[in-house]
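Colleague: Sequence:
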Amino acid sequence: MKGGVSEVLDSAVVVDDVTVRELAGSREMTAASTLWDAIWFRADAGHEVDPALMVALSHAGGYLAAAYAGEDMIGAALGFWGVPAGGTLHSHITGVLPGHVGRGVGSALKQHQRAWVLARGGSAITWTYDPLVSRNAYVNVRLGARPESYLPDLYGDLDDVLNRGDASDRLLVRWRLTEPAPPRSTVEAVELLIDVDGAPATGTARADLDPATPVTVAVPDDITTLRRVAPTTASRWRTEVRDVLQPLLADGWSITGFDRGTGYRVEPPRPEGGSPVNRTLS
Numbered sequence: 006m007k008g009g010v011s012e013v014l015d016s017a018v019v020v021d022d023v024t025v026r027e028l029a030g031s032r033e034m035t036a037a038s039t040l041w042d043a044i045w046f047r048a049d050a051g052h053e054v055d056p057a058l059m060v061a062l063s064h065a066g067g068y069l070a071a072a073y074a075g076e077d078m079i080g081a082a083l084g085f086w087g088v089p090a091g092g093t094l095h096s097h098i099t100g101v102l103p104g105h106v107g108r109g110v111g112s113a114l115k116q117h118q119r120a121w122v123l124a125r126g127g128s129a130i131t132w133t134y135d136p137l138v139s140r141n142a143y144v145n146v147r148l149g150a151r152p153e154s155y156l157p158d159l160y161g162d163l164d165d166v167l168n169r170g171d172a173s174d175r176l177l178v179r180w181r182l183t184e185p186a187p188p189r190s191t192v193e194a195v196e197l198l199i200d201v202d203g204a205p206a207t208g209t210a211r212a213d214l215d216p217a218t219p220v221t222v223a224v225p226d227d228i229t230t231l232r233r234v235a236p237t238t239a240s241r242w243r244t245e246v247r248d249v250l251q252p253l254l255a256d257g258w259s260i261t262g263f264d265r266g267t268g269y270r271v272e273p274p275r276p277e278g279g280s281p282v283n284r285t286l287s
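Using the working numbering, the final residue of the sequence shown is 287, and nothing's skipped along the way.
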């Protein structure tokens, strides 16, 4: 373990009146667990994460922290060390109460997590998120994290209100803490999947694309609301985005950006030597 741990524990990330600090003891673990249940509208028996397991993870060296507005807990995050051991923290769950979304609380939790990992000699953080949640996609890319692979129905059927009735597809994201994100090309992207009146539609068929040209893949503005008011359309989005992103990432393409209007920017594999392709479309 490298030096600097005490500085991480004794200082706090501040976003306006929000502070982030590590959790300690079963009472705080239970409060964080209850907060996650409220965020995911879990009304059934059991928790998103069992408080006793959280205590065990803390004693085993895992990451458990919460964001506070004054004395009120408004967000929380949990992570544990993954592969390579001691080098990568896997962030399993991060949540912010709906009334505080958009204030930078989630980013504050991630920055606290980053400092915590670096203080312990780690170099990366991974996590998964629903590729249809545009808000998360935007924040992840802005942080410098990059999706690496598409994992269909990773968790199976989920019974919380936000996810119930939909496949639990996830993008696995890696945030490399000690190196900058690779630059993206300046080539104009072609719209592969577009949003037409709130529904997915083909912009350009993949068979008609130049294999050296970046593409964009749209996602819905608000998949959570769409699941509730138009479940058939939400299901179409799931299928269409999966059918585009999964094979692209499997073929070595990279997600390098996200725009609320056009969605994901996905670039083809780089030529030998690592430089992105830069040329104009004919």
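One should not assume that every hint holds.
Stated by the list, open to error - Pairwise CB distance ranges, derived in the manner of DEER restraints:
(1) Gly161 to Ala29: 45 to 51 Å
(2) Gly266 to Val88: 14 to 20 Å
(3) Ile199 to Gly104: 16 to 22 Å
(4) Thr24 to Pro274: 39 to 45 Å
(5) Arg275 to Ser240: 32 to 38 Å
(6) Ala36 to Thr209: 21 to 27 Å
(7) Gly92 to Thr207: 16 to 22 Å
(8) Asp213 to Phe85: 23 to 29 Å
(9) Arg265 to Ala36: 43 to 49 Å
(10) Ala186 to Asp77: 15 to 21 Å
(11) Ser31 to Ala212: 56 to 62 Å
(12) Glu184 to Pro216: 23 to 29 Å
(13) Gly66 to Val201: 46 to 52 Å
No lab work stands behind these hints: they were computed from the structure.
Even for Gly, the Cβ is constructed at its ideal location relative to N, Cα and C.
Colleague: Using the C-beta atoms of Thr24 and Pro274, is the stated range 39 to 45 Å upheld?
Modeller: holds, 43 Å
Colleague: In this structure, is the beta-carbon distance linking Ala186 and Asp77 contained in 15 to 21 Å?
Modeller: violated, 34 Å
Colleague: Does the Cβ-Cβ separation between Gly66 and Val201 fall within 46 to 52 Å?
Modeller: 49 Å Cβ-Cβ, so the 46 to 52 Å window holds.
Colleague: Go ahead and decide if the range 45 to 51 Å is satisfied by the Cβ distance of Gly161 to Ala29.
Modeller: With Cβ atoms ~33 Å apart, the hint is violated.
Colleague: Take the C-beta atom of Arg265 and the C-beta atom of Ala36, compute their distance, and say whether it sits inside 43 to 49 Å.
Modeller: violated, 33 Å
Colleague: Please test the hint of 32 to 38 Å on the beta carbon pair from Arg275 and Ser240.
Modeller: holds, 34 Å
Colleague: Taking the CB of Ile199 and the CB of Gly104, does the distance hold inside 16 to 22 Å?
Modeller: violated, 33 Å
Colleague: Given the hint of 16 to 22 Å, check if Gly92 and Thr207 actually sit that far apart at their C-beta atoms.
Modeller: violated, 41 Å
Colleague: Evaluate the given range 14 to 20 Å for the C-beta pair formed by Gly266 and Val88.
Modeller: violated, 36 Å
Colleague: Starting from the hint 56 to 62 Å, judge whether the C-beta atoms of Ser31 and Ala212 obey it.
Modeller: holds, 57 Å
Colleague: I want to verify a distance hint. Is the separation of the beta carbons of Glu184 and Pro216 within 23 to 29 Å?
Modeller: holds, 27 Å
Colleague: Holds or violated: 23 to 29 Å for the Cβ distance of Asp213 and Phe85?
Modeller: This hint is violated: roughly 44 Å between Cβ atoms.
Consistency note: the structure conflicts with the earlier hints numbered 1, 2, 3, 6, 7, 8, 9, 10.
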